[in-house]
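*Asks:* Single-letter residue listing:
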Amino acid sequence: METTTIEPPLQALPTAKEKRYDRQLRLWGAPGQRALEETHLLLINSSPGVAAVETLKNLVLPGVGQFSILDPAVVEEADLGVNFFLEDESLGKFRAEETVKYLMELNPDVQGHAIKEPLETFITKDKVFTPYTLILVAAPIDPTILATIRKHAEALHIPLFYLHCVGYHSHFSIQLPPAFPIVDTHPDPTATTDLRVLKPWPALQEFAREQTHAMDKMSGHDKAHIPYICLLLHYLEQWRNDHNGTVPDSYKQKQEFRDSYVRKGSPDEENFDEACAAVLKSLISPTAPSALRDIFNAPEAMELTATSPPFWFIANAISQFYTKHGGLPLPGAVPDMKAQSADYIRLQNIYKTKAREDCAEVVATVRELEKSTGRGSKLAIIEKEVENFCKGAAHIHLVRGRPLQIVLPDLPVTFGDRAKAMVFELTNPESLIGEYIAFLAWDEFVATHTTSSSVKGGKGLRVPGNNDAEFEADKEKMVGIAHKIVDGILNEAGERIEDPEYTEIKDGIEKICVELVRAGGGELHNIASLTGGLIAQEVIKVITKQYVPVDNTCLFDGVASRSYVLRV
Amino acid sequence: MAVTMQAVAGAPTVNGEGPNRSRWKYLDRILLRPGGYTDEDYDPETPISNIEAAKILVIGAGGLGCEILKNLALSGFKNIDVIDMDTIDVSNLNRQFLFRQKDVGKSKASVAADFVMKRVPGCNINAHVCKIQDMDEDYYMQFTIVVCGLDSIEARRWMNATLVGMVDMENPDSLKPLIDGGTEGFKGQSRVIFPTMTSCIECQLDMHAPRAAVPLCTLATIPRQPQHCIEWAHIIKWEEQRKDIVLDTDDPEHITWLYQTALSRAQEFNISGVTYSMTQGVVKNIIPAIASTNAIIAASCCNEAFKIVTSSAPFLGNPEQNNYMLYTGDSGVYTYTFEHQKKDDCPVCGNLPKDLAVNPELTLGELVESFAERPESQLKKPNMRTEEKTLYYSAPESLRQQTEPNLKRKLSEMLVDGEEMAVSDPAFQIDFRYKRDCGGVRGELNESWLVCIAIGVLG
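Protein chains in written order, with UniProt numbering: chain A, 1 to 568; chain B, 1 to 459.
One or more of the hints may lead you astray.
Calculated cross-link-like contacts (lysine-lysine; reagent style DSBU-like; alpha-carbon spacing at most 35 Å) [as the list claims (entries may be wrong)]: (1) B:K106 / A:K352; (2) A:K151 / A:K199; (3) A:K101 / B:K408; (4) B:K25 / A:K93; (5) B:K408 / A:K217; (6) A:K252 / A:K151; (7) B:K284 / A:K384; (8) B:K131 / B:K102; (9) A:K223 / A:K324; (10) A:K264 / B:K25.
With the Cβ distance kept under 7 Å, some of the chain A side facing chain B (calculated, not the full set) [what the hints assert, rightly or not]: (11) P62; (12) W201; (13) P202; (14) R346.
These aren't lab readings, by the way, just hints derived from the structure by calculation.
For every residue, glycine included, the Cβ atom is placed at its ideal position computed from N, Cα and C.
Please put together the full structure from these sequences, using the hints given.
*Replies:* Here is the structure:
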């Protein structure tokens, strides 16, 4: 008797994979997951540090496609105190191999590979980085090798992450390609509501009139269910009649409109309350934010070629749309509001239809551009991509990737066009630029105290504070280098900071330097784990091209428990 | 300083225990040296023995709990207890990294404890598969610090109130720092509470506003969103058609039934967007969760625990200092670390009644409903009384029946302006902060959580 229960359509029931990944698919969806699964990540690790291993843990769990760890070292006992992905039986075995083995236990769908070759020889091989989609480098590293990696990453347009994790402090910088656009930025839903009440199109105005024309004769129930958008449009018509066809523009006028035209409703008329609450945020013209106008005016958008990435074709088409209509394509979403079901659905459809029309116009322009640039049909831009762009146009983000800053021996640290901005950071008490400078000093220390282990008598990488005999001397050296960098910034920018501020800045940096030397290159597991969380999150954003990644340097201070993002 | 150096280089001899600490080379290096922020009298000898002696209680062995256990073990802690009554579900495996497919259905606390003990020899973890409410004060009294990685506000409030209630000014050991983490998608927070000394979870309740509920009449008559159709199936239709079956949100057949019921209602109203996944999300109140955010928040909590125990750097939660870190990672990386102020009228750690402005025309029933929605109270089954009389009790049944007629009465009929009213909720069964001097008898009002609310009648 009960055998006839209707089964839901097959595609609706979650697969095993969807069940496993349910909690993350709710954030980045199937396209994000696909991008993650197509990724092959390379980690270059030359120290016992595990911030990068913890990063991998947070990427293996959600199902990154493949990862490789380059690390020629053999497991020592001290590794067991920091690395959760080793066991006592790992002692004496290759650290990369053992770590890969235990990381792979986390997710049977992920492939891991160990590279036990020394970095010096690895990077000399031809096309050695082509299999990878993202590179992660953990400090310390020979800076000349890091420079080589940077060069390859730039040429191949592979995102490159460089990180430090020392004692209570950590840092990472991201080198992205020079143009890194993100369409799906996931803005807050309240920020994306775009109702066009100031510029209603005929269908919307018509609907509002229909809903409101007999307002005074309506039953209380019906009046209390007029969608608030219609109320706003209705009272805006009244306002226009009273104000020579203009709309409330200034803050004061909007307040007046709200208090004298819309007015609060009776206790049952929540729709009037909704209308009042929406006045200030809905009575806005659909202008493009400056970040989007920068995209419109970018050389890549202005000078399209047959092989330009689709992003720039769509940007150009939307720019044309914007110029023609004085507004962006309508996103088309309608927030929930008090209304009868049928009325609400009709209203939703009015917005959806207009959004589709706007999008169709942009698609047509894209097709014209494809034709005029001679773009082949194989490269035809997918309509869905145009649709996504139209929906999120106001929140589209473009990161202009900058090359990673590398401290080379015998060369002063310079900031170029960012020098003046760095001076400002130095005077901002919220900024953690002091920590960044301390890490630059740390890198300079490594660069000037390292002798290649391949050279006879070479000791390999030496980090400050790694032996007790030189603890005090290393502190002094580190502070000296860091203070030199501060003065270098001021010189480069041609600015001065007067005392007592100048001394305070230097004292603050000295404290961080002392902390870095104290750790002797060692990590605190908590800070490594936290940093691994931050970096994994940023890797996911970069891979999925969703949400907004750090541009371009992030610092964490585990003493004060706070982070800071710096554009270097 | 010279002593410090030797201790690093030579064989470990902390407190004469003498086990080999070469595993902890990097940790010890930091602890045995003074840093840029340590006190002048920083004694490198004590941190390691403090860590080894400390007993940490971890509440929750889920997304945060797995990370917390790993972090504490790799911070050198040796004595840990973990409480979690939950079992492992397949949807946990994308972040709860101590669990494997074969563990699905087993206890989270036990599997997590066994795994960490195997990976980090020398660390002892006791797993308790039970509710926090099953443990008594004597149990909680043995710990140095409590670290919470929970997904329920109710459990946090219970733990917080219990720890506040345990504070005995005569006994410094009775003050247990509470470190609490929480995440949702790319966002999270970690906070440190020194019960009675700094702002507590109850003081901070307004940081988590309850979600606005959809009015029942919308669900019943004018649905507009796919979620409305799902809630209709969930709240109204299930009761109507399957009231003899207890809804199990983990039973695919139940979710399928709700999904189909919601789908046909949505079709009737031309509403699009009802999916199986959304149905599951709405009825289970699923919050997106990822490994990276859990790693960040759990590590922040453990970092604070580590600093408190070792004094190796300043920690959050010192009175008049920052005690709260808010984290947002969806746009760049952003933290806001600040001092949340203790509230004098906090029902748990304050001593002043809270002013509550109400419309005297409101009925008691309407006030009861509002307690569930007010961000600062969030009480679902409030009991209310004044010094003089009982106003309403939601349980036991006899008392409920007796007081039910009051729900229809106006506040102005029952209270005078400025009168104090006590509100409690059986979900937060904790001590009223009251102690007798003799014999340690405490908690005479043990059955209730007491909010003193001075009613200010308007108009």
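*Asks:* Now look at each hint and say whether the structure bears it out.
*Replies:* So, going through the hints one by one against the coordinates:
no., hint, result
1, B:K106 / A:K352, "48 Å, violated"
2, A:K151 / A:K199, "50 Å, violated"
3, A:K101 / B:K408, "66 Å, violated"
4, B:K25 / A:K93, "19 Å, holds"
5, B:K408 / A:K217, "34 Å, holds"
6, A:K252 / A:K151, "56 Å, violated"
7, B:K284 / A:K384, "32 Å, holds"
8, B:K131 / B:K102, "24 Å, holds"
9, A:K223 / A:K324, "38 Å, violated"
10, A:K264 / B:K25, "68 Å, violated"
11, P62, "6 Å, holds"
12, W201, "22 Å, violated"
13, P202, "23 Å, violated"
14, R346, "9 Å, violated"
In summary, the structure is inconsistent with hints 1, 2, 3, 6, 9, 10, 12, 13, 14 from the numbered list given earlier, while agreeing with the others.
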